[in-house]
Each structure stands twice: as C-alpha cells, then as structure tokens.
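Q: Based on these hints, arrange chain B on the given structure of chain A.
Protein chains: 2
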Amino acid sequence: MIYLDHASATPVNKKVLTAMTPYFAEEFFNPSAPYLPAKHVREAYEDAKNRLAHTIGAKGTDIIITSGATEAIHLALSNFSNILALATEHPAVLQNAKHLTDVKVKPDGRIDLDDFKQKLTNQTEVISVSLVNNEIGVIQPLAEISAIIREERLKRLEKGIKNPLYFHSDASQALNLLDINVSRLGVDMMTLNGAKIGATKGIGALFVAHGVKLQPVIRGGGQEQGLRSGTENVPGVIGFALASELAKSHLSSNRQKYSEYRQLFLKELQRHLPDFQPTRPKKASNSPYCLTFKHQIPTFLPLIFPRVDAERLIYKLEKKQVYVSTGAACAASKGQKSHVLTALGLPDDEVAGSLRISLGSTNTKEQIIKGAHFIATAVKEEYARQAR
Amino acid sequence: MIYLDHASATPVNKKVLTAMTPYFAEEFFNPSAPYLPAKHVREAYEDAKNRLAHTIGAKGTDIIITSGATEAIHLALSNFSNILALATEHPAVLQNAKHLTDVKVKPDGRIDLDDFKQKLTNQTEVISVSLVNNEIGVIQPLAEISAIIREERLKRLEKGIKNPLYFHSDASQALNLLDINVSRLGVDMMTLNGAKIGATKGIGALFVAHGVKLQPVIRGGGQEQGLRSGTENVPGVIGFALASELAKSHLSSNRQKYSEYRQLFLKELQRHLPDFQPTRPKKASNSPYCLTFKHQIPTFLPLIFPRVDAERLIYKLEKKQVYVSTGAACAASKGQKSHVLTALGLPDDEVAGSLRISLGSTNTKEQIIKGAHFIATAVKEEYARQAR
Chain A
1 MIYLDHASAT
11 PVNKKVLTAM
21 TPYFAEEFFN
31 PSAPYLPAKH
41 VREAYEDAKN
51 RLAHTIGAKG
61 TDIIITSGAT
71 EAIHLALSNF
81 SNILALATEH
91 PAVLQNAKHL
101 TDVKVKPDGR
111 IDLDDFKQKL
121 TNQTEVISVS
131 LVNNEIGVIQ
141 PLAEISAIIR
151 EERLKRLEKG
161 IKNPLYFHSD
171 ASQALNLLDI
181 NVSRLGVDMM
191 TLNGAKIGAT
201 KGIGALFVAH
211 GVKLQPVIRG
221 GGQEQGLRSG
231 TENVPGVIGF
241 ALASELAKSH
251 LSSNRQKYSE
261 YRQLFLKELQ
271 RHLPDFQPTR
281 PKKASNSPYC
291 LTFKHQIPTF
301 LPLIFPRVDA
311 ERLIYKLEKK
321 QVYVSTGAAC
331 AASKGQKSHV
341 LTALGLPDDE
351 VAGSLRISLG
361 STNTKEQIIK
371 GAHFIATAVK
381 EEYARQAR
Chain B
1 MIYLDHASAT
11 PVNKKVLTAM
21 TPYFAEEFFN
31 PSAPYLPAKH
41 VREAYEDAKN
51 RLAHTIGAKG
61 TDIIITSGAT
71 EAIHLALSNF
81 SNILALATEH
91 PAVLQNAKHL
101 TDVKVKPDGR
111 IDLDDFKQKL
121 TNQTEVISVS
131 LVNNEIGVIQ
141 PLAEISAIIR
151 EERLKRLEKG
161 IKNPLYFHSD
171 ASQALNLLDI
181 NVSRLGVDMM
191 TLNGAKIGAT
201 KGIGALFVAH
211 GVKLQPVIRG
221 GGQEQGLRSG
231 TENVPGVIGF
241 ALASELAKSH
251 LSSNRQKYSE
261 YRQLFLKELQ
271 RHLPDFQPTR
281 PKKASNSPYC
291 LTFKHQIPTF
301 LPLIFPRVDA
311 ERLIYKLEKK
321 QVYVSTGAAC
331 AASKGQKSHV
341 LTALGLPDDE
351 VAGSLRISLG
361 STNTKEQIIK
371 GAHFIATAVK
381 EEYARQAR
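Here the protein sequences come in this chain order: A and B. Residues 1 to 388, numbered by this note's numbering, are exactly what the first sequence covers, in order. Residues 1 to 388, numbered by this note's numbering, are exactly what the second sequence covers, in order.
These aren't lab readings, by the way, just hints derived from the structure by calculation. Among these hints, one or two may not hold up.
Once the Cα atoms are required to be at most 27 Å apart in a straight line, the calculated DSSO-like pairs of lysine-lysine come out as [as the list claims (entries may be wrong)]:
| no. | chain 1 | residue 1 | chain 2 | residue 2 |
| --- | --- | --- | --- | --- |
| 1 | B | Lys213 | A | Lys98 |
| 2 | A | Lys14 | B | Lys39 |
| 3 | B | Lys39 | A | Lys320 |
| 4 | B | Lys39 | A | Lys370 |
| 5 | B | Lys248 | B | Lys365 |
| 6 | A | Lys162 | A | Lys213 |
| 7 | B | Lys248 | B | Lys294 |
| 8 | A | Lys365 | A | Lys294 |
| 9 | A | Lys282 | A | Lys337 |
| 10 | A | Lys39 | B | Lys319 |
| 11 | A | Lys39 | B | Lys316 |
| 12 | B | Lys98 | A | Lys98 |
| 13 | A | Lys213 | B | Lys98 |
| 14 | A | Lys39 | B | Lys337 |
| 15 | A | Lys39 | B | Lys14 |
| 16 | A | Lys14 | B | Lys14 |
| 17 | A | Lys98 | A | Lys119 |
| 18 | A | Lys337 | A | Lys104 |
| 19 | A | Lys337 | A | Lys283 |
| 20 | A | Lys337 | B | Lys39 |
| 21 | A | Lys15 | B | Lys14 |
| 22 | B | Lys39 | A | Lys319 |
| 23 | B | Lys267 | B | Lys380 |
| 24 | A | Lys248 | A | Lys14 |
| 25 | B | Lys365 | B | Lys319 |
| 26 | A | Lys15 | B | Lys15 |
| 27 | B | Lys370 | A | Lys39 |
| 28 | B | Lys267 | B | Lys257 |
| 29 | A | Lys316 | B | Lys39 |
| 30 | A | Lys14 | B | Lys15 |
| 31 | B | Lys316 | B | Lys248 |
| 32 | B | Lys320 | A | Lys39 |
Coverage of chain A stretches by chain B, computed from C-beta distances (three or more under 8 Å per stretch; other residues unrestricted) [stated by the list, open to error]:
| no. | segment |
| --- | --- |
| 33 | 67-77 |
| 34 | 193-202 |
| 35 | 232-238 |
| 36 | 242-255 |
Derived, one-sided and incomplete: chain B residues facing chain A with beta-carbon distance under 10 Å [said to hold, decoys possible]:
| no. | residue |
| --- | --- |
| 37 | Ala69 |
| 38 | Leu94 |
| 39 | Pro235 |
| 40 | Phe374 |
Even glycine gets a Cβ: it sits at the ideal position worked out from N, Cα and C.
Extracted from the complex, chain A is given alone in its bound form (with noise of 0.2 Å):
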C-alpha cells in the first residue's frame, strides 16, 4: 500500500496507541468522581491538556478539548454574527460561520490583505483564517493578519466601539510541520486537530486566550470550564498530548524528510512525464503541473492534471494499492468541485483533474518513487485514451 493521503486521515501512532490504552480499561474513571483512583485519572488528564497546551505555548487552562476540529470551530465561530473567513476555509469554517464573508485570495494562495482590511468592518466579530489550508498546504501570514486586527482594535477604542474583534485559526493541518506559538502568531483562538497528527479521530481543542469571552454551546455537568460539558475523553486526550509533543519534537527532521520526498516526487513525475511543471505555468497551458507556492507546507503536493477526469485516476491508482484523494474528503465523498482551487482561479477542466497528495508518517523514499510512477503511468493512460 502507498498511502497519499495524509491530510484526511493518519493511522494512530503506536506509541499514542500505547499511552492510550490503560485509560480504556484500567484507569476508566469518571475524572470528576470524588475518589482516589478518579483524582489520579484528573491529574493525568489535567497533566495531558497542559502538554497539548504548551506545544503551542499556552497553558492547560487555555484549551478546551472537543471532539475534533469541527466542533473547536463552531465553538469559536458560533459564538459570532459577523465573520471574515478566507474564501479557501474548510466547510467547517464556512457553514458554522452565521453571517459570513468571504475574503479573497491571492494566486500565491495567500490572503489578499486589502481585500481583508476593505472588508474589515466595525460590525466584523471574528476573521478566521486557516494556518494551513487543508487542500494545497498554504501557509498564511497570521503574524501579519493580527497586527492588522491590533490596529483595527486601537482604532475602535478610539471610537469608543465595543464589539470584540477576534482572530481565530485552524491549525488542523499544522501540527507535523509548523512551529506553534499562539502568542507569536497573535491569535485569540486556535484550533487542533487530533486526527492528522497521529493522535485517534474524534479528539480536537479550542484554544482560547484569555480575555476572550465565549458562551458554552453544549451544556451540562460543566466541564471544560464551562464552555463544553460531557465527560472528558481521557483515552483521546492522553493520546492527543503525546501525539502532539511528538509532531513538535520531530518538527526539523519532518521538514527536511518532506522537503526531500517532495522534491523526489516532483523528479520523478517529471522523468515519467517529460511535459510535467512543478510549479504552476505563467500562462494558461494544457500541460500538467504541481501547484507549488512559495510559502507551502512540504507535505502537500497538489497536482493537476488538464483535461483528466481525477476520479478515473484514483479508481486506477487504488488497483495499484496508491491511495489518493481529489481534496478533503467530506466534500469528495459528495461530488463536490473543489472551492479551493476555484477560489485561486483555476478553470474547471484543471479542477476536475487535480488530485490532493499528502505525504505523512506511513511513507518511505521508495513508496515516494513508485508513487509518482503509478501516478505517471495512469496520467499518461488517460492521455492516451482521449488521444484516441
């Protein structure tokens, strides 16, 4: 099997896995019961939010734990009327957002400053932008985005406006290879994701600064400080905590590692199909090429192929055991062209034949060269068929 598909899903570690499991049968106690055995699991759940919390510079109390990025995101968002979001966010982003508007995108795949600053209005709540986009691996400025909502923020003070204005991220697709600290990147909530660092599906967390007033949405016995009552997922945290520190304690070696099979795979590409651009053509041309941005994750490669029909590549990759996907996978499943991509402007014949590879913890070098060869070979398959 050649797994590709790293940003949708990633096996659990087996070091996670490990930490995990004495929490399922062993030390299966409610944390909030009154007795020894229960107060030994609080500590070591309170003991995991602080090691989540301190990869990205924030402290245990800072950080409520959900149930995945997309219930971090509603917190964050619902609790809102008016939101920016970049026109690239995930659904999540998006449809939890009430009144929403879009911010544009430049063709480097970052956000268009001006087109953000026009629409920053004095009724403006939230502006939530993605640390790395889920479908191309753009990485976005937030150091620069929060200096603008600092401005904005002085400015209605002296005004004497009092509607809040806060930046939210989702970090989701950061972890294994971004250096996470909330106060350098001037955000006011962040949001984790479990699932793409190894750590079980169904585990997220909500950073939120202090200072930042939210309203629970689901409510109860109260735990999470108040913001999001159920009994706490111990297993998932504890996991979530050292899948966490590991991402953080490989973050070099990863970058390099990545950078290298990128580059592997964009040789190999090309050698297999001598018209292949690893970067996108200046002009509109028919040839096909990697979407390759300067400020890009190296884990994501997204490759488009004009004039291909992307689901007839990955039916003929799966015979061949390479996994890959078109984009994330909840709009796949529903046929869904990407938002993404049209967004960057991209004609339709080039969304139609793009496929989303991210490369992760299952892959070696030699998965990377028969990868890009199976891939090849099937582009040029495809090619050949319309030729005909």
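A: Then chain B, alone, in the frame of chain A:
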C-alpha cells in the same frame, strides 16, 4: 478494589477494546475518502451504526452519532424553545433547554402525569424524560407519556395548531438492564451513551425518528446525514455497537444477577446496621435507609444516612478501596447538593448523607458482601463519632 460507581463510568469491555483496536492504526482511513480501504471503513462504520440501532429497534439511518450523551441531548433540545423536563433530569437536559418548565415527580420517583398534562401547552415543543434516572435508577413510564403526547397532537391537529411536539428520552443509564424499543416506547428522539455500557468515553448517539425535523448544530463536512459534521469516530462507534449488543444479549441474566446482588447488599447492610431500612420509612425518622422504588433498575442503591456527612464516608471508604459517589460525578465535583433527592422531598440532612451505589460489570458477590460491610462500618463510626 470494590468499584460501586458504574453509573459514573464503566471500564471498556475487553471484547469491545479488541473490536476497536484495528480501527486505530490499521483501518484508520477516513470513511469519506474515495478509495477501497476507506470504503471498507465506511462499510464497517455503517454496519456498526446499524447494529447499534437494531438494539433499540431502529435503523442505522435513524441514528446520529455524537461525542457522548451530553452532545446528543444538546442536539435534541437546542433545536427547540419550549421544553418540559422532569425536575430530576440530568443537568445536560436541564441546562440545554432554552425555555424550561419543570415537571414534578411523585414520591415514587416517577413523573407526575397530572402535573405534566397541566403544564403541557400549545407552545410546548419537546418533553424530555429520561428512561432511567442517573441518581436513583427510577424507570419512567415512557409509553404512558407518549400516549398523552399522541392525544395532544390530535388535539392540536383539530385546532390547526402547527408547532411540533416531540418526545425525547435520555436512555444513558438504561441499556444494560432494559429492553429498549423506540416504537414501543413511543419516543421521537432518544439519547444513548457508550461510556455507561463498556464502550469508550466520547461516544454517544441520538435516535431521531422519521418526520422529526432537526437543524444541524455542528456544521461542516456534512457527516451523519448532515446533522452532525466532523470526521467519524470510527473506533468509538465500532466499540459502541458491540457494547450495546453485549448489553442486549445479557439483559435477562443481568437483571437476575443484579437483583440478587441488590438483595444481598441490603441484607448485609441490615445485618451490620440493625436500624437500616431497605425502603424509605413512611414516617420521617433518623434511620438509615435505601431509596428503593417499585420501578427501579436493580443496579441502583441510593443509600440515605441521615445526619452523616457523605463526603467523609467517601473518604473513609476510599481508604478501604471502596469507591462510591454522592450522585452525578459532574455535580458532585462542584459540591452541589442533589437536585434529584431534593425534588423527591428529602430533607437537607438526608440529602447530605446520601451515597449513590451503582452496581456493574466489575462486581462479584464477594465484593457486594465486603462492600456492604465496609459501608456499614464507616457509617457506624460516623454515628459513634457524632454520639461522642
């Protein structure tokens, strides 16, 4: 260890953990991804949902998977405004209801149907009554309630009143002991909880009958029939399905076993505490007693030791490795006195001296005998201390 707090948390069943395990690191694929191994995960997930649904007489497509009972209750109730709920419901019900009207319970712990009928107005949208109360184990007459609701619906139809009237029941504490069939009970929505029946924490479900129109709370990728977005917690659901099947297959043996355990527990308490009453005394007295009800699942023994400080008992028992709680863990951890016992009309000195014993899978006959002995000894010491 003698664990007597199964209503608060249960260890994950070994078979359940074994069933879940392949879905962490091997079958880890995103069920919405387009390639074959992911489609197999989708099939396993949908099969598990079907099996879970079958244990309550429903279909997989009637079930919305959530991160636990609290989220399920939130999904059920936050869609509506005017809600009637029993005064003895869990905080997740009482606090997720926007406009809440309490319905009284009778001295037998069951709903006061006259009070219910009186409070049921044309504006009522949902009535929420747990199948089994989480502190006293009382079983509510859901079929009787649903009959009243059906009558009310007919009246509304005749009057041309169009607002909906739905019946929601939290069945979190019921799956191990009661044979649940949603049609027979006449519920429109029912909350299920994995963590109380040997599945892992962080998994629950809401049954939603055909014709009940809900809006999603958490939006995004559109999973769970569009009603609850977020990548599916595949291992959680695989485990939940098996746990619910195991519970169903052991219903009659469980009922017999725990009825015997309960009788034994009471007998042992009487042996060591001669003035202990196995039922609530008709007249107010200072005798310790068990809140035994006619309609009660046998795993619950709410013990009342008037004038004793239950916190001290818990602490004493903890030293003997006997683990009990004073009520719902989430409420107890905040030092709140039980609203359930208060709603039953218990005076404060009885509420303050109450222990919730909840039997379960970890218990043996020997533990019941020993546990009762340790509890009786601790209680005697406390009464002796007071007499000094």
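Q: The structure should be examined with respect to each hint, and the outcome stated for every one.
A: These are the hints, each one checked on the structure:
Distance restraint check for lysine 213 of chain B and lysine 98 of chain A: the Cα-Cα separation of roughly 20 Å lies within the 27 Å cut-off, and the hinted pair is therefore satisfied. For the proposed pair lysine 14 of chain A and lysine 39 of chain B, the alpha carbon gap of about 24 Å is at most 27 Å, so the pair holds. For a cut-off of 27 Å, the pair hint linking lysine 39 of chain B to lysine 320 of chain A stands: about 16 Å separates their Cα positions. Restraint check: the Cα-Cα separation between lysine 39 of chain B and lysine 370 of chain A comes to about 23 Å, which is no more than 27 Å; the hinted pair holds.
At roughly 22 Å between alpha-carbon atoms, lysine 248 of chain B and lysine 365 of chain B fall within 27 Å of each other, so this suggested pair holds. Under the criterion of a C-alpha separation no larger than 27 Å, the hint pairing lysine 162 of chain A with lysine 213 of chain A is consistent with the structure, at around 13 Å. Taking the CA atoms of lysine 248 of chain B and lysine 294 of chain B, the gap is near 23 Å; set against the 27 Å cutoff, the hint holds. Proximity of lysine 365 of chain A to lysine 294 of chain A is assessed by CA-CA distance (about 23 Å); at most 27 Å being required, the pair is judged to hold.
A distance of roughly 23 Å separates the Cα atoms of lysine 282 of chain A and lysine 337 of chain A; the hinted pair therefore holds under the 27 Å criterion. Annotation: proposed proximity of lysine 39 of chain A to lysine 319 of chain B holds, straight-line Cα distance about 14 Å (limit 27 Å). A distance of roughly 15 Å separates the Cα atoms of lysine 39 of chain A and lysine 316 of chain B; the hinted pair therefore holds under the 27 Å criterion. Restraint check for lysine 98 of chain B and lysine 98 of chain A: the C-alpha separation of about 19 Å stays at or below 27 Å, so the hint holds.
For the suggested pair lysine 213 of chain A and lysine 98 of chain B, the alpha carbons sit about 20 Å apart, so the restraint of at most 27 Å is met. As the CA atoms of lysine 39 of chain A and lysine 337 of chain B are separated by approximately 20 Å, the hinted pair is consistent with the 27 Å bound. A threshold of 27 Å between alpha carbons decides the hint, and for lysine 39 of chain A with lysine 14 of chain B the separation of about 24 Å falls inside it, so the pair holds. With a CA separation close to 19 Å, the supplied pair lysine 14 of chain A and lysine 14 of chain B stays within the 27 Å bound.
With a CA separation close to 16 Å, the supplied pair lysine 98 of chain A and lysine 119 of chain A stays within the 27 Å bound. Of the pairs offered as hints, the one joining lysine 337 of chain A and lysine 104 of chain A holds, with about 18 Å between alpha carbons and a cut-off of 27 Å not exceeded. Between the alpha carbons of lysine 337 of chain A and lysine 283 of chain A the distance comes to roughly 23 Å, so the proposed pair stays at or under 27 Å and holds. About 20 Å separates the Cα atoms of lysine 337 of chain A and lysine 39 of chain B, which keeps this hinted pair within 27 Å; it holds.
For the given pair, lysine 15 of chain A sits about 20 Å from lysine 14 of chain B by alpha-carbon distance, which is consistent with the 27 Å threshold. A distance of roughly 14 Å separates the Cα atoms of lysine 39 of chain B and lysine 319 of chain A; the hinted pair therefore holds under the 27 Å criterion. With a C-alpha separation of about 16 Å, the suggested pair lysine 267 of chain B and lysine 380 of chain B falls inside the 27 Å cut-off, and the hint holds. The straight-line distance between the Cα atoms of lysine 248 of chain A and lysine 14 of chain A is roughly 17 Å, inside the 27 Å bound, and the hint therefore holds.
Between lysine 365 of chain B and lysine 319 of chain B the alpha-carbon distance is near 21 Å, which keeps this suggested pair within the 27 Å criterion. Our distance criterion of 27 Å between C-alpha atoms is met by lysine 15 of chain A and lysine 15 of chain B, whose separation comes to about 22 Å. The suggested pairing of lysine 370 of chain B with lysine 39 of chain A holds, with an alpha-carbon distance near 23 Å, which does not exceed 27 Å. With a CA separation close to 15 Å, the supplied pair lysine 267 of chain B and lysine 257 of chain B stays within the 27 Å bound.
For a cut-off of 27 Å, the pair hint linking lysine 316 of chain A to lysine 39 of chain B stands: about 15 Å separates their Cα positions. Under the criterion of a C-alpha separation no larger than 27 Å, the hint pairing lysine 14 of chain A with lysine 15 of chain B is consistent with the structure, at around 20 Å. Proximity of lysine 316 of chain B to lysine 248 of chain B is assessed by CA-CA distance (about 36 Å); at most 27 Å being required, the pair is judged violated. Proposed proximity of lysine 320 of chain B and lysine 39 of chain A is supported: the alpha carbons are some 16 Å apart, at most 27 Å.
Check on the segment 67-77 of chain A: 7 of its residues sit with their Cβ under 8 Å from a Cβ of chain B, so the three-residue criterion for coverage holds. With a threshold of 8 Å between beta carbons, the proposed coverage of the segment 193-202 of chain A by chain B holds, since 4 of its residues qualify and at least three are required. With a cut-off of 8 Å between beta carbons, the segment 232-238 of chain A has 5 residues touching chain B; three or more are needed, and the interface restraint holds. Check on the segment 242-255 of chain A: 0 of its residues sit with their Cβ under 8 Å from a Cβ of chain B, so the three-residue criterion for coverage is violated.
Given hint, alanine 69 of chain B at the interface with chain A, holds; its Cβ is 7 Å from that chain's nearest Cβ, closer than 10 Å. Taking 10 Å as the C-beta cut-off, the interface hint given for leucine 94 of chain B holds, the closest approach to chain A being about 8 Å. With a least beta-carbon distance of about 6 Å to chain A, the hint placing proline 235 of chain B at the interface is held under the 10 Å criterion. Hint status for phenylalanine 374 of chain B: violated, given a least beta-carbon distance of 13 Å to chain A, over 10 Å.
Hints 31, 36, 40 from the list above are not met by this structure, while the remaining hints are.
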